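Starting from the given sequences, assemble the full structure and let the hints guide the process.
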Amino acid sequence: MSLMGDLYRGRPAVDFPKVWKRMGAISALFLVVAAVALFTRGLNLGIEFEGGVSWEVDGGDVSTGEVRDALEPLGFGDARIQELGGNLLRIRAEAEATNTEETTAVSEALAAVAGVEVSDVSFSAVGPSWGDEITSSAERALVVFFIVIAVYIWIRLQWQMMAAALVAVGHDILITVGVYALFQFDVTPATVIAFLTILGYSLYDTLIVFDKIKENEAKAAANQKLSYTELVSLSANQVLMRSINTTFTSVLPVLTLLIVGRLLLGAVTLQEFALALLIGILAGTYSSVFVATPMVAVLKERQPEYRELRERLGGQETEDLEEARAALVRSERAGERPANTGLVSRRAKERAARSKIRSEDEKRHRPVGETNVSTQRTHPPRPRKKKRR
Amino acid sequence: MKGRAATPLIAIVVIVGALLAGSLIAGQEPLLGLDLQGGVEVVLEPVDNPGDEVTGEELDQALEIIRDRVDALGVAEPDITRQGDRIVIQLPGVDDQERAIELVGQTAELRFRPVLVGPLPLSGVPAVPDETLDPEPSHTEPVVCSDLILEGVDMVSDGYNGGPSLAQLETGFVTSPANDLAGRTVILDGEAGRYLLGPACVTGAALEGASAELQGVQWAVRVTARSGPDGIDRFNDAASTCFAAIGGICPAVPGDQVGALAIVLDGQVQSAPRIQAASFDRDNINITGSFSQAEARDIALVLDFGALPVEFTDPATTGLVRTVSATLGRDALDAGLLAGAIGVAIVAAYMIAYYRLLGVGAILSLIVSSAMLWVIVSFLSDTRGLALTLAGITGLIVSIGVSLDSNIVYFEHLKEDILRGRSLTSSIDRSFPAAFRTIFWANLATLIGAVILYFLTIGSVRGFALMLGIASILDLVATYFFLRPFVRILVLSKRFSGSNRAFGMPPDTEVEAVTA
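Going down the list, the sequences are from chains H and A. Per our numbering, the very first residue in the first sequence carries number 1; after that it's consecutive. Per our numbering, the very first residue in the second sequence carries number 1001; after that it's consecutive.
Rather than coming from a laboratory, the hints here were simulated on the basis of the structure. A couple of the hints might just be wrong.
[Stated by the list, open to error] Just some of the chain H residues that point at chain A, by a computed CB distance under 10 Å:
1) ARG92
2) VAL192
3) LEU199
4) THR206
5) GLN238
[What the hints assert, rightly or not] Going by beta-carbon spacing under 7 Å, a handful of chain A positions derived as facing chain H:
6) GLY1084
7) LEU1338
8) PHE1464
On a predicted model such as this, the values are computed, not experimentally measured, just so you know. Glycine included, each C-beta is placed from N, C-alpha and C at the ideal position.
Encoded structure:
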């Protein structure tokens, strides 16, 4: 059966530990390329950060489109054109005010298209609109954000997961920034917003995988048959379909944004923003399964308890993941952990328990007395499929 | 059981529907940002003072203060740049245009003047601008309040430095703008009435900033002074003089034990708080009164404004206020919206193809949360000047995919349970709490991030954080109050029950076969 079919049927299909090493190498390669691009080429900061120059001209009946066409050959096609009250046009672009050759050429082009003297085109240097204060406040906020999130994950989950989540987020940001450096895309405030979106997305995705691992960890503790790596691999398999679907539903709107932006003129900003998001979302999904998850496995395997478990299992890796899953489900059945901790109200808990009792009753009239139901089954929950090779 | 599940579903649909209708009837709609619909531009030019060159550093400082002030107007995304010596402020939307010009464009020095007499009710007393006095350069500097006690002048009856006196206040005189000099007594109007005011003891230069805050049940203005002799020391000198109300410097309201210090901007008394202590801590000066939130905010803005280190010419008189067009324009917005519509359509098709009826639930849940988002964004646009830029709209489109994730997490949980041999009916109640827990903790992380970004940043990052936070809360609300009951009702309904295929779930016949 195909991989997708297996996934659809909830059958563990990917032997993650096998691919982790290879993916790790790919990640490392990407990171090196990103870092090299960042250090050699640097980021191409937009006018909002660096400032630039501004021309003002009485355009008469000239449209902004005509002005753009006139600036295109000079390499100023992405200039920002604004109509000020009356016929006045303001053109803002990234350029050094001291580069007189370049700026004069633009002034001449503007004078030509507007039909006025070059001396009627006024020219001035503009400072950044995205000031140092915004940048530094954003940086400060990011540091606080990372610290608080780290503490949050530590308390909610484990320190190993905290470390892994931060590495994964760092991975995604570096790769996205690297793409900007490599292709010298303009970094605008919209780009910064995109980075922040990616950061949130990447964390969110990673936390969902981790939540699954933690859930399975509690279940597996009962039977001691799975090494931590197997457990992690199993968890990654369980959330894989979700990851794929989520990536799909997140990437699709961004992709259409890119395509539509490309087809329609004047949506340069839109494109760069969408591109940053596209790369970021892909990296975010990838890193939660191929960076964060293996890192948790590696870190946890160092713990004495899991090292012992691994030794006791004698390096006998359960070859068949489905076998592992069955084992996990069995152990879960044996000591059914209350599914609800924390958030869900007691009422909801009782209701869930009640309806479970009822549904079990429907199948076999088993009297159950307590809320902490254990449904001992005599058969393995899933049949082994014979046709599967 | 089914009826109980339907209650929140009906409730949320009715509430959201009512809110949406209310918002549409009230004519509230999202305000578009500068890049999409242009706005108004205010240009500030420094006053040309010979021998007093304005440095770039001062201009940068002024720019940051102006940015803070505009941010305080709401969460709109202004574009503020330095262009040579000038500061160019572009504000999106035109609704608050006049107010924006007023706040950005005011150029007068903020002064604190002791209240000698007043307020006298304005009605029935015609205002006659006092043009008889010659403005004299020597009276432009503020004085030190405690020095006035030593000089022993009777400002109430004689005026000070040629300023008007009580007699003129009673005959309806007001000080003309040209005569409104720091080192003189003046007669000025405020909301509460007309005042006879002493020479300015403190100016805006002594302040670092101010903000409106809720103290207990009352709105108050919290002021922070600069440190040093030109900051808090000067302020405290005035405070101790007025607190004791000595020597006719701050006699204030007749019969009152403590004196008042008027906050004057642009020849207008903004507020005349009574001084309740002889000295204050630099960062703990509170102005209280029965302020509404808007009043407190306005006073805070005025106090903030007075801290500008550069004096600018009045843009309203120099004609440096004009409208500007969008930099991106309608076509970019249309492109964004078209892309969004196509993207959502494809995503909807995919969800329905994959999850069948559950997919329908996911799309409906998305519609519910979008409606809530529209209401909230429109409301904030209307009241706080929140502006949607193209980046913001794109962010919202992206958030669609992310909010569908909550649904997917739930559905995949369901599927997992079914694969373990449970029936669809028994799985829905079991899966939701576990799935919601995951969604909740993941969303909480996003929310924490949003709150931190909102409170620690400024400008457009702040606007983004707000949208992010709202989106993640709405995601939880829609999932819990809409999706959960919706799926329950669907699964329990006779028509679909037992048909796993209709829910895009693997058929459980395989399992049943073995169980039998």
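Inset, instruction - Kindly indicate which numbered hints from before are broken by the structure, ordering the numbers from low to high. - result: none
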